[in-house]
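Enquirer: Sequence:
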Amino acid sequence: MVNINEGIYDLLSPENSAVIFIDHEPQMIFGVGSIDRQLLLNNIEALAKSAKMFNVPTVLTTVAAKTFSGEILDEIKNVFPDITPIDRTTMNSWEDENFVRAVKTTGRKKLIIAALWTEVCLAFPVLYALKEGYEVYIVVDASAGVSKQVHKTAIKRMIQAGARPVTWMQVLLEFQRDWSRKETYNQTLEILEAHGGAYGTGIRYVKEFYKNK
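Following the working numbering, the numbering of the sequence shown begins with 27 at its first residue and continues without gaps.
Please note that the accuracy of each hint is not assured.
[Stated by the list, open to error] In silico DSBU-like links for lysine-lysine, alpha-carbon gap of 35 Å or less: (1) 78 to 135; (2) 208 to 135; (3) 78 to 157; (4) 92 to 182; (5) 182 to 233; (6) 208 to 174; (7) 92 to 78; (8) 182 to 130; (9) 208 to 92; (10) 135 to 92.
No wet-lab data here; the hints were simulated from the structure.
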């Protein structure tokens, strides 16, 4: 018997994935209550750097950037200066033709999505993408809601519909997967050192230790 969900057992890779950032804008950050905002910014930037470093097709989108929400965060803009975010009026980005066209143009079936807020700008397009047959991976620590309860409830709804929760570090290490991949080894460590909290401090310590021996 063919398992229609057999793709869930394939690890994420730069060759089978696309990364999507939805509505990471100042106005949306103001309303975040499910995670420390500075930590959230750290996680968003780490995910962006991971996608950029592995040359993963990336889609950026904003909502009402000029009139209400503000331009996409510098943590993303500085990593992808050549990508123009698709600005929308719809809360559900999957109802915007330009956005859907950009996603389909990537040619990837595994969509790694982060958004603000979890309960709206993440949940809505995730449910639509799942319905259209995409495998969707929601980056729970680069997304946030207006409260912890709201964030967790939205995550549960998406998981029940078939979405798979991941974190930015999981995405990065799933892309790297093998420390013998020297072409991305140093850059992976740099991202972990800069954004990996205590683990990053440990990497810094080991570097200094061996440098001074």
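Enquirer: Compare the structure with each hint and give your call.
Expert: For each hint, the structure was consulted:
1. Using a Cα cut-off of 35 Å, the hinted pair residue 78 and residue 135 holds, with the two alpha carbons roughly 19 Å apart.
2. In summary, the hint linking residue 208 to residue 135 is supported, as the alpha carbons are separated by about 27 Å, within the 35 Å threshold.
3. Between residue 78 and residue 157 the alpha-carbon distance is near 28 Å, which keeps this suggested pair within the 35 Å criterion.
4. Between residue 92 and residue 182 the CA atoms are separated by roughly 33 Å; this keeps the pair inside 35 Å, and the hint holds.
5. Taking the CA atoms of residue 182 and residue 233, the gap is about 40 Å. The hint is violated against a cut of 35 Å.
6. A hinted pair counts as satisfied when its Cα atoms are at most 35 Å apart, and residue 208 with residue 174 does not qualify at roughly 39 Å.
7. A hinted pair counts as satisfied when its Cα atoms are at most 35 Å apart, and residue 92 with residue 78 qualifies at roughly 26 Å.
8. Between residue 182 and residue 130 the CA atoms are separated by roughly 26 Å; this keeps the pair inside 35 Å, and the hint holds.
9. For the proposed pair residue 208 and residue 92, the alpha carbon gap of about 42 Å is over 35 Å, so the pair is violated.
10. Proximity of residue 135 to residue 92 is assessed by CA-CA distance (about 31 Å); at most 35 Å being required, the pair is judged to hold.
Going through the hint list in order, the structure does not satisfy hints 5, 6, 9.
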